[in-house]
Amino acid sequence: MGRIDYSKYDDRLFKGIAHRGYHNDKFSENGLFSFEKAIELNLAFELDVHLTLDKKLVVCHDSSLKRVTNKDGIIEKLSLKDIKDNYRLLDGETLPTLDEVLSLNKERVPIVIELKTYKGNFYTLAKEVNKCLKSIKNKKSVTLISFDPRALLFFSFKKEYTTGLLICQKRLDILAFRHFFSYLDVEFSLLDNKKVASFARKKVVNVWTIRNLDELSKVRKRIDMVTFELLKEEDLKLVKEASRRWID
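Here the working numbering is used: the first residue of the sequence shown is 70, the next is one more, and so on.
Hints were generated in silico from the structure; no laboratory data involved. Source: prediction; values computed, not measured. Any given hint might turn out to be false.
[To be verified] Under the rule of at most 30 angstroms between Cα atoms (straight-line distance), these lysine-lysine pairs were calculated in the DSS-like manner:
id	residue 1	residue 2
1	106	124
2	264	203
3	264	239
4	135	301
5	287	306
6	209	264
7	203	153
8	239	228
9	301	209
10	124	153
11	209	77
12	200	124
13	203	239
14	106	175
15	272	146
16	228	188
17	227	203
18	239	206
19	208	106
20	124	301
21	77	206
22	188	290
23	77	228
24	239	188
25	188	124
26	200	272
27	175	209
28	239	140
29	272	227
[To be verified] Ranges between beta-carbon positions, derived for each pair:
id	residue 1	residue 2	range
30	172	302	24 to 30 angstroms
31	284	122	34 to 40 angstroms
32	290	243	25 to 31 angstroms
33	136	175	28 to 34 angstroms
34	208	245	25 to 31 angstroms
35	260	74	16 to 22 angstroms
36	310	188	25 to 31 angstroms
37	241	139	30 to 36 angstroms
38	204	290	34 to 40 angstroms
39	133	74	38 to 44 angstroms
40	110	208	22 to 28 angstroms
A virtual CB, placed ideally from N, CA and C, is assigned to each residue, including glycine.
Assemble the whole structure, with the sequences as input and the hints as a guide.
Take a look at the structure:
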(Lines of atoms letter the chains of each structure in order from A; the text may use other names.)
(Lines give C-alpha, C1' and ligand atoms only; values in the text may rest on other atoms or scores of the structure.)
Protein backbone atom coordinates (compact mmCIF):
# COMPACT_ATOMS: atom_id res chain seq x y z
CA MET A 70 0.00 0.00 0.00
CA GLY A 71 1.35 3.43 -0.92
CA ARG A 72 1.33 6.36 1.44
CA ILE A 73 -2.16 7.86 1.57
CA ASP A 74 -2.52 11.64 1.88
CA TYR A 75 -4.81 12.42 4.82
CA SER A 76 -3.97 16.12 4.98
CA LYS A 77 -7.21 17.30 3.31
CA TYR A 78 -9.41 15.62 5.94
CA ASP A 79 -10.44 16.44 9.49
CA ASP A 80 -8.93 13.59 11.52
CA ARG A 81 -12.20 13.02 13.38
CA LEU A 82 -13.60 11.52 10.19
CA PHE A 83 -11.30 8.58 10.85
CA LYS A 84 -12.75 7.97 14.31
CA GLY A 85 -16.23 7.02 13.09
CA ILE A 86 -19.12 8.70 11.25
CA ALA A 87 -22.59 8.46 12.80
CA HIS A 88 -24.99 7.45 10.01
CA ARG A 89 -27.88 9.95 9.86
CA GLY A 90 -26.76 11.19 13.26
CA TYR A 91 -26.44 9.14 16.44
CA HIS A 92 -30.04 7.94 16.31
CA ASN A 93 -31.72 5.30 18.45
CA ASP A 94 -35.16 4.40 19.81
CA LYS A 95 -35.39 7.90 21.34
CA PHE A 96 -34.03 10.08 18.54
CA SER A 97 -35.15 9.86 14.91
CA GLU A 98 -32.57 9.53 12.14
CA ASN A 99 -31.62 12.80 10.45
CA GLY A 100 -33.18 14.84 13.26
CA LEU A 101 -31.58 17.64 15.26
CA PHE A 102 -31.66 15.51 18.44
CA SER A 103 -29.62 12.77 16.74
CA PHE A 104 -27.13 15.33 15.42
CA GLU A 105 -26.81 16.98 18.83
CA LYS A 106 -26.05 13.57 20.36
CA ALA A 107 -23.29 13.01 17.79
CA ILE A 108 -21.84 16.43 18.58
CA GLU A 109 -21.96 15.63 22.30
CA LEU A 110 -19.92 12.49 21.58
CA ASN A 111 -17.49 14.50 19.37
CA LEU A 112 -18.47 12.33 16.41
CA ALA A 113 -18.60 13.27 12.76
CA PHE A 114 -22.05 12.60 11.36
CA GLU A 115 -23.63 11.94 7.98
CA LEU A 116 -26.89 13.39 6.69
CA ASP A 117 -28.92 13.44 3.46
CA VAL A 118 -30.28 16.50 1.65
CA HIS A 119 -33.14 16.87 -0.82
CA LEU A 120 -34.37 19.91 -2.73
CA THR A 121 -37.96 20.96 -2.04
CA LEU A 122 -40.37 22.30 -4.65
CA ASP A 123 -39.31 25.85 -3.69
CA LYS A 124 -35.60 24.95 -3.81
CA LYS A 125 -34.96 24.69 -0.07
CA LEU A 126 -32.67 22.03 1.39
CA VAL A 127 -34.42 19.52 3.65
CA VAL A 128 -32.56 16.82 5.57
CA CYS A 129 -34.07 13.36 5.05
CA HIS A 130 -32.87 10.06 3.61
CA ASP A 131 -35.83 9.19 1.38
CA SER A 132 -37.69 11.35 -1.12
CA SER A 133 -40.84 9.80 0.33
CA LEU A 134 -41.77 11.03 3.80
CA LYS A 135 -43.82 7.94 4.63
CA ARG A 136 -41.18 5.89 6.48
CA VAL A 137 -39.91 8.67 8.74
CA THR A 138 -43.19 10.55 9.38
CA ASN A 139 -45.86 7.88 8.78
CA LYS A 140 -47.53 10.27 6.33
CA ASP A 141 -47.46 10.26 2.53
CA GLY A 142 -45.56 12.96 0.67
CA ILE A 143 -42.62 13.50 -1.69
CA ILE A 144 -40.12 16.16 -0.62
CA GLU A 145 -39.45 17.38 -4.15
CA LYS A 146 -43.19 17.94 -4.69
CA LEU A 147 -43.74 19.95 -1.50
CA SER A 148 -42.69 23.41 -0.34
CA LEU A 149 -40.64 23.82 2.80
CA LYS A 150 -43.65 25.41 4.50
CA ASP A 151 -45.79 22.37 3.61
CA ILE A 152 -43.19 20.07 5.16
CA LYS A 153 -42.66 22.15 8.30
CA ASP A 154 -46.40 22.66 8.87
CA ASN A 155 -47.68 19.18 8.11
CA TYR A 156 -44.99 16.60 8.84
CA ARG A 157 -43.19 15.43 11.98
CA LEU A 158 -40.47 12.87 12.51
CA LEU A 159 -41.50 9.97 14.72
CA ASP A 160 -39.86 11.58 17.77
CA GLY A 161 -41.98 14.72 17.25
CA GLU A 162 -39.37 16.95 15.60
CA THR A 163 -39.90 18.84 12.38
CA LEU A 164 -37.62 17.83 9.52
CA PRO A 165 -34.57 20.09 9.71
CA THR A 166 -33.13 22.16 6.90
CA LEU A 167 -29.43 22.01 6.09
CA ASP A 168 -29.13 25.59 7.38
CA GLU A 169 -30.56 24.52 10.73
CA VAL A 170 -28.10 21.65 11.03
CA LEU A 171 -25.13 23.87 10.19
CA SER A 172 -26.33 26.44 12.74
CA LEU A 173 -26.64 23.72 15.38
CA ASN A 174 -23.20 22.30 14.68
CA LYS A 175 -21.24 25.56 14.34
CA GLU A 176 -18.40 23.52 12.79
CA ARG A 177 -17.89 21.68 16.08
CA VAL A 178 -17.64 18.29 14.33
CA PRO A 179 -17.23 17.27 10.68
CA ILE A 180 -20.38 16.72 8.61
CA VAL A 181 -20.74 14.36 5.66
CA ILE A 182 -23.49 15.60 3.33
CA GLU A 183 -25.09 13.16 0.91
CA LEU A 184 -26.61 14.84 -2.14
CA LYS A 185 -29.91 13.15 -3.01
CA THR A 186 -30.74 13.95 -6.61
CA TYR A 187 -34.23 13.62 -8.08
CA LYS A 188 -35.24 13.55 -11.75
CA GLY A 189 -32.22 15.40 -13.08
CA ASN A 190 -32.01 18.17 -10.47
CA PHE A 191 -28.32 17.49 -9.79
CA TYR A 192 -27.06 20.93 -10.82
CA THR A 193 -29.68 22.92 -8.91
CA LEU A 194 -29.20 20.76 -5.83
CA ALA A 195 -25.41 21.16 -5.91
CA LYS A 196 -25.69 24.90 -6.48
CA GLU A 197 -28.06 25.37 -3.52
CA VAL A 198 -25.87 23.26 -1.23
CA ASN A 199 -22.84 25.29 -2.28
CA LYS A 200 -24.67 28.52 -1.41
CA CYS A 201 -25.62 27.09 1.97
CA LEU A 202 -21.98 26.26 2.70
CA LYS A 203 -20.66 29.76 1.96
CA SER A 204 -20.34 30.56 5.67
CA ILE A 205 -18.16 27.50 6.39
CA LYS A 206 -14.70 28.67 7.44
CA ASN A 207 -13.04 25.30 8.02
CA LYS A 208 -13.44 23.54 4.68
CA LYS A 209 -12.19 20.29 6.24
CA SER A 210 -15.32 20.24 8.41
CA VAL A 211 -17.54 19.31 5.43
CA THR A 212 -17.31 16.55 2.86
CA LEU A 213 -19.81 15.79 0.08
CA ILE A 214 -20.94 12.35 -1.09
CA SER A 215 -23.43 11.06 -3.65
CA PHE A 216 -24.39 8.15 -5.88
CA ASP A 217 -24.79 10.76 -8.64
CA PRO A 218 -21.35 11.71 -10.04
CA ARG A 219 -22.88 14.72 -11.80
CA ALA A 220 -23.81 16.39 -8.51
CA LEU A 221 -20.39 15.66 -7.02
CA LEU A 222 -18.45 16.98 -10.01
CA PHE A 223 -19.75 20.47 -9.21
CA PHE A 224 -17.75 20.31 -5.95
CA SER A 225 -14.88 18.24 -7.25
CA PHE A 226 -13.98 20.90 -9.82
CA LYS A 227 -14.14 23.66 -7.19
CA LYS A 228 -11.69 21.76 -4.95
CA GLU A 229 -12.91 23.46 -1.77
CA TYR A 230 -14.26 20.28 -0.19
CA THR A 231 -13.39 16.61 -0.32
CA THR A 232 -15.84 14.48 -2.32
CA GLY A 233 -16.72 10.81 -1.98
CA LEU A 234 -18.37 8.70 -4.67
CA LEU A 235 -20.93 6.34 -3.16
CA ILE A 236 -20.81 2.79 -4.50
CA CYS A 237 -23.22 -0.09 -3.87
CA GLN A 238 -23.71 -3.53 -5.40
CA LYS A 239 -26.47 -2.21 -7.66
CA ARG A 240 -24.40 0.73 -8.94
CA LEU A 241 -21.02 -0.76 -9.78
CA ASP A 242 -21.18 0.99 -13.15
CA ILE A 243 -20.29 4.35 -11.61
CA LEU A 244 -16.93 3.01 -10.43
CA ALA A 245 -15.78 4.27 -13.84
CA PHE A 246 -15.89 7.80 -12.37
CA ARG A 247 -13.89 6.97 -9.21
CA HIS A 248 -10.74 8.91 -10.11
CA PHE A 249 -12.59 12.23 -10.33
CA PHE A 250 -13.20 12.27 -6.57
CA SER A 251 -11.24 12.42 -3.33
CA TYR A 252 -12.34 9.05 -2.00
CA LEU A 253 -14.67 6.09 -2.42
CA ASP A 254 -17.61 5.53 -0.07
CA VAL A 255 -18.49 1.87 -0.51
CA GLU A 256 -20.95 -0.70 0.74
CA PHE A 257 -18.77 -2.79 3.03
CA SER A 258 -19.43 -6.02 1.11
CA LEU A 259 -17.53 -4.51 -1.86
CA LEU A 260 -14.11 -4.24 -0.25
CA ASP A 261 -12.91 -7.26 -2.25
CA ASN A 262 -13.95 -5.75 -5.58
CA LYS A 263 -10.75 -5.46 -7.65
CA LYS A 264 -11.30 -1.83 -8.63
CA VAL A 265 -12.14 -0.83 -5.06
CA ALA A 266 -9.12 -2.72 -3.69
CA SER A 267 -6.82 -1.08 -6.24
CA PHE A 268 -8.17 2.38 -5.40
CA ALA A 269 -7.75 1.68 -1.67
CA ARG A 270 -4.04 1.08 -2.06
CA LYS A 271 -3.51 4.76 -2.87
CA LYS A 272 -6.52 6.75 -1.66
CA VAL A 273 -9.04 7.02 1.14
CA VAL A 274 -11.96 4.58 1.40
CA ASN A 275 -15.00 4.78 3.66
CA VAL A 276 -17.32 1.82 4.30
CA TRP A 277 -21.02 1.86 5.12
CA THR A 278 -23.08 0.94 7.02
CA ILE A 279 -21.52 -1.02 9.88
CA ARG A 280 -24.20 -2.11 12.37
CA ASN A 281 -22.46 -4.58 14.69
CA LEU A 282 -19.03 -5.59 15.96
CA ASP A 283 -18.84 -8.64 13.69
CA GLU A 284 -19.16 -6.43 10.60
CA LEU A 285 -16.64 -4.02 12.10
CA SER A 286 -14.10 -6.81 12.58
CA LYS A 287 -14.35 -7.73 8.88
CA VAL A 288 -13.25 -4.27 7.72
CA ARG A 289 -10.65 -3.64 10.42
CA LYS A 290 -7.45 -1.99 9.08
CA ARG A 291 -8.68 -2.35 5.50
CA ILE A 292 -10.29 1.07 5.33
CA ASP A 293 -9.87 4.64 6.54
CA MET A 294 -13.37 5.74 7.56
CA VAL A 295 -16.34 3.83 8.97
CA THR A 296 -19.94 5.00 8.73
CA PHE A 297 -21.91 3.18 11.42
CA GLU A 298 -25.20 3.05 13.27
CA LEU A 299 -26.70 1.13 16.23
CA LEU A 300 -23.35 0.72 17.98
CA LYS A 301 -23.18 1.39 21.73
CA GLU A 302 -21.21 4.33 23.08
CA GLU A 303 -18.76 2.00 24.80
CA ASP A 304 -17.91 0.42 21.43
CA LEU A 305 -17.03 3.66 19.65
CA LYS A 306 -13.32 3.33 20.42
CA LEU A 307 -13.36 0.11 18.37
CA VAL A 308 -14.59 2.09 15.36
CA LYS A 309 -11.55 4.36 15.57
CA GLU A 310 -9.27 1.35 16.00
CA ALA A 311 -10.67 -0.19 12.79
CA SER A 312 -9.19 2.62 10.68
CA ARG A 313 -5.77 2.14 9.08
CA ARG A 314 -5.31 5.91 9.53
CA TRP A 315 -3.94 5.18 12.97
CA ILE A 316 -1.39 2.54 11.95
CA ASP A 317 2.04 3.74 13.07
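Now for the hints, and whether the structure bears them out:
| no. | hint | in the structure |
| --- | --- | --- |
| 1 | 106 to 124 | holds (28 angstroms) |
| 2 | 264 to 203 | violated (35 angstroms) |
| 3 | 264 to 239 | holds (15 angstroms) |
| 4 | 135 to 301 | holds (28 angstroms) |
| 5 | 287 to 306 | holds (16 angstroms) |
| 6 | 209 to 264 | holds (27 angstroms) |
| 7 | 203 to 153 | holds (24 angstroms) |
| 8 | 239 to 228 | holds (28 angstroms) |
| 9 | 301 to 209 | holds (27 angstroms) |
| 10 | 124 to 153 | holds (14 angstroms) |
| 11 | 209 to 77 | holds (7 angstroms) |
| 12 | 200 to 124 | holds (12 angstroms) |
| 13 | 203 to 239 | violated (34 angstroms) |
| 14 | 106 to 175 | holds (14 angstroms) |
| 15 | 272 to 146 | violated (38 angstroms) |
| 16 | 228 to 188 | holds (26 angstroms) |
| 17 | 227 to 203 | holds (13 angstroms) |
| 18 | 239 to 206 | violated (36 angstroms) |
| 19 | 208 to 106 | holds (22 angstroms) |
| 20 | 124 to 301 | violated (37 angstroms) |
| 21 | 77 to 206 | holds (14 angstroms) |
| 22 | 188 to 290 | violated (38 angstroms) |
| 23 | 77 to 228 | holds (10 angstroms) |
| 24 | 239 to 188 | holds (18 angstroms) |
| 25 | 188 to 124 | holds (14 angstroms) |
| 26 | 200 to 272 | holds (28 angstroms) |
| 27 | 175 to 209 | holds (13 angstroms) |
| 28 | 239 to 140 | holds (28 angstroms) |
| 29 | 272 to 227 | holds (19 angstroms) |
| 30 | 172 to 302: 24 to 30 angstroms | holds (25 angstroms) |
| 31 | 284 to 122: 34 to 40 angstroms | holds (38 angstroms) |
| 32 | 290 to 243: 25 to 31 angstroms | holds (26 angstroms) |
| 33 | 136 to 175: 28 to 34 angstroms | holds (30 angstroms) |
| 34 | 208 to 245: 25 to 31 angstroms | holds (27 angstroms) |
| 35 | 260 to 74: 16 to 22 angstroms | holds (21 angstroms) |
| 36 | 310 to 188: 25 to 31 angstroms | violated (42 angstroms) |
| 37 | 241 to 139: 30 to 36 angstroms | holds (34 angstroms) |
| 38 | 204 to 290: 34 to 40 angstroms | holds (37 angstroms) |
| 39 | 133 to 74: 38 to 44 angstroms | holds (39 angstroms) |
| 40 | 110 to 208: 22 to 28 angstroms | holds (23 angstroms) |
Hint compliance for this structure: hints 2, 13, 15, 18, 20, 22 and 36 are not met, and every other hint is.
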